[in-house]
Amino acid sequence: AQSVTQLGSHVSVSEGALVLLRCNYSSSVPPYLFWYVQYPNQGLQLLLKYTSAATLVKGINGFEAEFKKSETSFHLTKPSAHMSDAAEYFCAVSPGGYNKLIFGAGTRLAVHP
Amino acid sequence: EPEVTQTPSHQVTQMGQEVILRCVPISNHLYFYWYRQILGQKVEFLVSFYNNEISEKSEIFDDQFSVERPDGSNFTLKIRSTKLEDSAMYFCASSGSTGELFFGEGSRLTVL
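Taken in sequence, the protein lines are chains A and B.
Just so you know, the working numbering puts 7 at position 23 of the first sequence, and the rest follows in order with no gaps.
Just so you know, the working numbering puts 91 at position 89 of the second sequence, and the rest follows in order with no gaps.
In short, the hints are calculated from the structure, not lab data.
From a predicted model like this one, the values you see are computed outputs, not experimental measurements.
One thing to keep in mind: the hints can contain errors.
Below, simulated DSSO-like cross-link-like pairs (lysine-lysine); rule was C-alpha separation at most 27 Å, straight line [to be verified]: (1) A:42 - A:53; (2) B:44 - A:53; (3) A:84 - B:80; (4) A:52 - B:44; (5) B:59 - B:44; (6) B:44 - A:84.
Can you build the whole structure from these sequences, using the hints too?
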């Protein structure tokens, strides 16, 4: 069975500080991993994805994530937070491909001046 | 840029009523999905649809729910006899040859 755990339902950072959102997954088969962002009153937008190629994945808006099989992690980072990054972020896993996504509970990122 | 569109954006209904949520997937996509997000909880998979039939469904997707692609462009989710616990944001998604899912902005359902 597949599952995703996001550590920290709320993360608050200062503008310009490092953003680190944690995601650990469980999968019985090689997974595809995703980070989605949800701005208020909007849908889910794909930030980046890991599909068994390079372990360091770069996405939109300066975000990146590193797949670490030994740690079963796929943490999302951004070197310098911007006010516009305030949103809810969801990590998701798909077993061996696309189609059905299993989402984590989400992490709400707040960015303060 | 092509996008998935959903209507209505918000629907309020009385318990026991039937609701139909509509989605227009991206035109050349062949796989369609419904997910839901109860307020404050995680996004949950409901059902996937391909080639005019359900390809996979979750435990949530019981006989109260049905999906249909009535006219080659719309993809609908019908909820019969709504319950209070059906109140949620319902997201439609579609995918094409790359497999990547594109989500709509969601339909918020409130059951009173």
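Check: Given the hint that residue 52 (chain A) pairs with residue 44 (chain B), does the C-alpha gap stay at or below 27 Å?
Finding: holds (24 Å)
Next item on the list: Given the hint that residue 44 (chain B) pairs with residue 84 (chain A), test it: the Cα-Cα distance must not exceed 27 Å.
Entry: holds (14 Å)
Note to self: Tell me if the straight-line CA distance from residue 84 (chain A) to residue 80 (chain B) falls inside 27 Å.
What the structure shows: With Cα atoms ~20 Å apart, residue 84 (chain A) and residue 80 (chain B) stay inside 27 Å; holds.
Checklist line | Distance restraint between residue 42 (chain A) and residue 53 (chain A), which requires alpha-carbon spacing of 27 Å or less | finding: Distance ~17 Å between residue 42 (chain A) and residue 53 (chain A) Cα, so the pair holds.
Note to self: With the threshold set at 27 Å, check whether the alpha-carbon distance from residue 44 (chain B) to residue 53 (chain A) stays at or below it.
What the structure shows: holds (24 Å)
Notebook entry, point to check: Keeping to a limit of 27 Å between CA atoms, is the pair of residue 59 (chain B) and residue 44 (chain B) held or broken?
Noted result: holds (17 Å)
Hint violations for this structure: none, all hints satisfied.
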